[in-house]
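Participant: Next come the chains, spelled out residue by residue.
2 protein chains.
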Amino acid sequence: MISVSKALSIVEKYCFPLKSVTKNVADSYGYILAEDVISPLNMPPFRQSSMDGYAFIHSEENSFKVIAEIQTGISKNIEIKKGGAIRIFTGARVPDDADTVVMQEHVARTEDQIFIDKIPEKGSNVRPEGEQIKVGEVALEKGNFLNEAAVGFLAGLGIKNIEVYAKPKVGILITGNEIKKSGDTLAEGEIFDSNSLTLKLALKKLSIEEVEILFAKDILEETTICLKKLLENNDVVLISGGISVGDYDFVEEALKENGADQLFYKVNQKPGKPLWFGKKEEKMIFALPGNPAASLTCFYIYALPLLKAQMGFKTLQLPKLQAKSENDIKNNFAKTLFLKGNVENDIATEFSGQASSMLKSFAVSNALLIVPENVKIIKKGESVSYLKLD
Amino acid sequence: MISVSKALSIVEKYCFPLKSVTKNVADSYGYILAEDVISPLNMPPFRQSSMDGYAFIHSEENSFKVIAEIQTGISKNIEIKKGGAIRIFTGARVPDDADTVVMQEHVARTEDQIFIDKIPEKGSNVRPEGEQIKVGEVALEKGNFLNEAAVGFLAGLGIKNIEVYAKPKVGILITGNEIKKSGDTLAEGEIFDSNSLTLKLALKKLSIEEVEILFAKDILEETTICLKKLLENNDVVLISGGISVGDYDFVEEALKENGADQLFYKVNQKPGKPLWFGKKEEKMIFALPGNPAASLTCFYIYALPLLKAQMGFKTLQLPKLQAKSENDIKNNFAKTLFLKGNVENDIATEFSGQASSMLKSFAVSNALLIVPENVKIIKKGESVSYLKLD
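Chains A and B, in that order, are what the protein sequence lines are.
Just so it is clear: in the first sequence, position 299 is 299 by UniProt numbering, and no numbers are missing.
Just so it is clear: in the second sequence, position 154 is 154 by UniProt numbering, and no numbers are missing.
By construction, these hints were calculated from the structure, which means they are not laboratory data.
The reader is advised that the hints may include incorrect statements.
Straight-line C-alpha distance at most 30 Å; calculated DSS-like pairs for lysine-lysine [said to hold, decoys possible]:
#1 160/B to 388/B
#2 388/A to 204/B
#3 283/B to 228/B
#4 388/B to 314/B
#5 180/B to 228/B
#6 23/A to 217/A
#7 205/B to 122/A
#8 181/A to 320/B
#9 388/A to 330/B
#10 314/A to 388/B
#11 266/B to 217/B
#12 320/B to 204/A
#13 118/B to 314/A
#14 82/A to 169/A
#15 122/A to 217/A
#16 205/A to 122/A
#17 118/B to 388/A
#18 330/A to 134/B
#19 335/A to 122/B
#20 180/A to 160/A
#21 76/A to 6/B
#22 204/A to 388/B
#23 330/A to 330/B
#24 181/A to 169/A
#25 19/A to 6/B
#26 134/B to 273/A
#27 122/A to 142/A
#28 23/B to 142/A
#29 266/B to 335/A
#30 330/B to 314/B
#31 330/B to 270/B
#32 266/A to 118/B
#33 76/B to 217/A
#34 160/A to 204/B
#35 6/B to 217/A
#36 6/A to 228/A
#37 160/B to 169/A
Some but not every residue of chain A turned toward chain B, in silico, with C-beta under 7 Å [stated by the list, open to error]:
#38 16
#39 182
#40 185
Idealized CB from N, CA, C, for every residue including glycine.
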């Protein structure tokens, strides 16, 4: 059995991005750039008015003759001479000879004449070509997360395809004779599956949508075959249950049959002690405990950082913050505890119902409070570390 | 022109949930419960062993005869008498007469006999039926967000359908002659659309996926028809561009033609001054500025809270936090400024490139720094409020 910090340091060794893939910009939300993106054009692509108003050649005169108007989206240049003004709108191309735009709010207009109450400085309200970015410049750097603004920005540059880090394909194997799919009829001794759905949705939150789910009875051959299939098709395999020392727990044997190498087994923590981590070639495997809350805890602490690393994220762990404990929190186990709780206004409250089978407290918690293995009690008012759930 | 706080207070008046709808639990991720969910069963549904070990009737004897074994998932009860023990596994049904389970780690076994080195307390390692939740109890309360743990928990209770608040259907109208769809060829004076993608993805982040997007040229009739269609099909309509006072901005007129009522127009802020908010019957409408960064800013500040309220969220605004300003931040406009920036370790840095057309700074920022309209300067080291972007 190893400590949490040792286990994390072993997982970290395998935290690096998958290969890069080419994606259409419109489909790139949630990915991370695997290469710098170079701008194919100037942005704005022409000198642009930033106001509705009148374009003119700057002078100290305040009376101009309106000679034409330029609607936004019209490409042709209009010649303009000193003393002339052109009606112009936000986003429209400023005539090549004009150097200044006055806001219409500062203008009085008659039929074909304008009078400017306050002449703006030369260059006012004209966005230079390439002000935001110039052709050939780096538009967005490698490593940038493609959020809604980033995707819109790249689409606005007319970029079609970009290189991003691939998202891992994830296989989930749910083991156990007692597991019935939701909707089936439950005989005594059986329970409904929740882990497949919980893990699938935790992956969806990471925007990992390619997920393959298999169910295996507690039979060695079935477990081995399912695991083989999942290892062939996926980058990461999550196994739920079957890894403790019970006589019908065949996961460890099925892992061996598949030629998987153990990197660690059992962590000095509660919940989630019987966690197994290993790999087969470049495929990574987490055998999570079957109990729902223990399974999800191990997912957040160990699997999530690895998956985020594969996607190219640099910040891997859930945010780790500090709060004041509302009550005494005892640790009688000499294990690292991950306690479902709530943090509001920097006050941390431990929930009742911490058993590793209890998913309910997870459903309403916003924090996992951490009590280190060597700490016997965190007293009321003392500082407690927590991982922020969202 | 009204202040930001006045504008927000007007939006707030229309912040309430849409009607509730019935959803399959498996498809309910990201929704909010519109009713308490009552548990249809006890959880666990039977007395369950929490360990791999042996079940027996508690006594001070430490030698027991192994008479049977119970695999997890097997329903039938096995009779047991004092002095007998039954091999049992985590999650399996504890025989009705047994009251205690001993961990296998504390047991030495011969062929059909076990010797327990330390007799556990009576009741140890037996999860009572209904320990987590009892039939008829409230499993999850109205108002709970359905995250991965909540969905898994409800599925684990065998619940099929639940009442949740409907997600709003959103229509997006992109206006402007100068807007070309990404992939088209750009003539001089034209720019690529980015707003439709940015807004669609900002909605996706809220898990709103039913989005209808239309494009309209700067022609009154086209704008009016598109708006009519979007108002018929959707709960909320976002319009991009066409709402300033330019002679070709037909959105205000199209809104009137559609019988929409103005609730406010123009907010004393930068960017995003020409924001229009209104409604037609129960349909809510935001006419956002066409400039990409201004459009997204208005979306975050005004549209997002309304959409979250319709989905049943109680916390509506982006998280508002405080940091120390790394530099002087000037406000020469007597407007509320929303400045793209970065906050790291409670130090807030304002980005260059704040023009309302510049989406790039949004793509790499994690905060919108707020300078109130009545503040002329936030000095280096002074506290600055910010909205956290993620």
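Participant: Evaluate each hint against the coordinates.
Facilitator: Comparing the hints with the structure gives:
Using a Cα cut-off of 30 Å, the hinted pair residue 160/B and residue 388/B is violated, with the two alpha carbons roughly 36 Å apart. Proximity of residue 388/A to residue 204/B is assessed by CA-CA distance (about 22 Å); at most 30 Å being required, the pair is judged to hold. Distance restraint check for residue 283/B and residue 228/B: the Cα-Cα separation of roughly 11 Å lies within the 30 Å cut-off, and the hinted pair is therefore satisfied. Only pairs whose Cα atoms come within 30 Å are accepted, and residue 388/B paired with residue 314/B is accepted, the gap being roughly 17 Å.
At most 30 Å may separate the alpha-carbon atoms for a hinted pair to count; residue 180/B and residue 228/B meet this at roughly 22 Å. Our distance criterion of 30 Å between C-alpha atoms is broken by residue 23/A and residue 217/A, whose separation comes to about 39 Å. Between residue 205/B and residue 122/A the alpha-carbon distance is near 43 Å, which puts this suggested pair outside the 30 Å criterion. Between residue 181/A and residue 320/B the CA atoms are separated by roughly 42 Å; this puts the pair beyond 30 Å, and the hint is violated.
A hinted pair counts as satisfied when its Cα atoms are at most 30 Å apart, and residue 388/A with residue 330/B does not qualify at roughly 34 Å. A distance of roughly 19 Å separates the Cα atoms of residue 314/A and residue 388/B; the hinted pair therefore holds under the 30 Å criterion. Between the alpha carbons of residue 266/B and residue 217/B the distance comes to roughly 23 Å, so the proposed pair stays at or under 30 Å and holds. This hinted pair checks out: residue 320/B and residue 204/A have alpha carbons roughly 27 Å apart, not beyond 30 Å.
Taking the CA atoms of residue 118/B and residue 314/A, the gap is about 49 Å. The hint is violated against a cut of 30 Å. Taking the CA atoms of residue 82/A and residue 169/A, the gap is near 65 Å; set against the 30 Å cutoff, the hint is violated. About 78 Å separates the Cα atoms of residue 122/A and residue 217/A, which puts this hinted pair outside 30 Å; it is violated. With a C-alpha separation of about 51 Å, the suggested pair residue 205/A and residue 122/A falls outside the 30 Å cut-off, and the hint is violated.
At roughly 40 Å between alpha-carbon atoms, residue 118/B and residue 388/A are farther apart than 30 Å, so this suggested pair is violated. At roughly 27 Å between alpha-carbon atoms, residue 330/A and residue 134/B fall within 30 Å of each other, so this suggested pair holds. For the proposed pair residue 335/A and residue 122/B, the alpha carbon gap of about 24 Å is at most 30 Å, so the pair holds. The hinted pair formed by residue 180/A and residue 160/A fails the criterion: a straight-line CA distance of about 46 Å is larger than 30 Å.
Of the supplied pair hints, the one linking residue 76/A and residue 6/B is violated, its CA atoms being roughly 43 Å apart against a limit of 30 Å. Taking the CA atoms of residue 204/A and residue 388/B, the gap is about 22 Å. The hint holds against a cut of 30 Å. For the given pair, residue 330/A sits about 51 Å from residue 330/B by alpha-carbon distance, which is inconsistent with the 30 Å threshold. Taking the CA atoms of residue 181/A and residue 169/A, the gap is near 23 Å; set against the 30 Å cutoff, the hint holds.
At most 30 Å may separate the alpha-carbon atoms for a hinted pair to count; residue 19/A and residue 6/B exceed this at roughly 50 Å. A C-alpha spacing of about 28 Å is found between residue 134/B and residue 273/A, which places the hinted pair at or below 30 Å, so the restraint holds. Between the alpha carbons of residue 122/A and residue 142/A the distance comes to roughly 38 Å, so the proposed pair goes past 30 Å and is violated. Of the pairs offered as hints, the one joining residue 23/B and residue 142/A is violated, with about 40 Å between alpha carbons and a cut-off of 30 Å exceeded.
Distance hint between residue 266/B and residue 335/A is unfulfilled; the C-alpha atoms sit about 58 Å from each other, more than 30 Å. Of the pairs offered as hints, the one joining residue 330/B and residue 314/B is violated, with about 34 Å between alpha carbons and a cut-off of 30 Å exceeded. For the proposed pair residue 330/B and residue 270/B, the alpha carbon gap of about 13 Å is at most 30 Å, so the pair holds. Pair hint residue 266/A plus residue 118/B holds up; C-alpha atoms about 23 Å apart against a cutoff of 30 Å.
Taking the CA atoms of residue 76/B and residue 217/A, the gap is about 18 Å. The hint holds against a cut of 30 Å. Proposed proximity of residue 160/A and residue 204/B is supported: the alpha carbons are some 21 Å apart, at most 30 Å. About 61 Å separates the Cα atoms of residue 6/B and residue 217/A, which puts this hinted pair outside 30 Å; it is violated. At roughly 28 Å between alpha-carbon atoms, residue 6/A and residue 228/A fall within 30 Å of each other, so this suggested pair holds.
Only pairs whose Cα atoms come within 30 Å are accepted, and residue 160/B paired with residue 169/A is accepted, the gap being roughly 28 Å. Violation of the interface hint for residue 16/A is found here, the shortest Cβ-Cβ separation to chain B being roughly 23 Å, above the 7 Å cut-off. Given the 7 Å rule on beta carbons, the hint for residue 182/A holds: about 4 Å separates it from the nearest Cβ of chain B. Annotation: interface hint on residue 185/A violated; nearest CB of chain B at approximately 9 Å, more than 7 Å.
Comparing the model with each earlier hint shows violations of hints 1, 6, 7, 8, 9, 13, 14, 15, 16, 17, 20, 21, 23, 25, 27, 28, 29, 30, 35, 38, 40; every other hint is respected.
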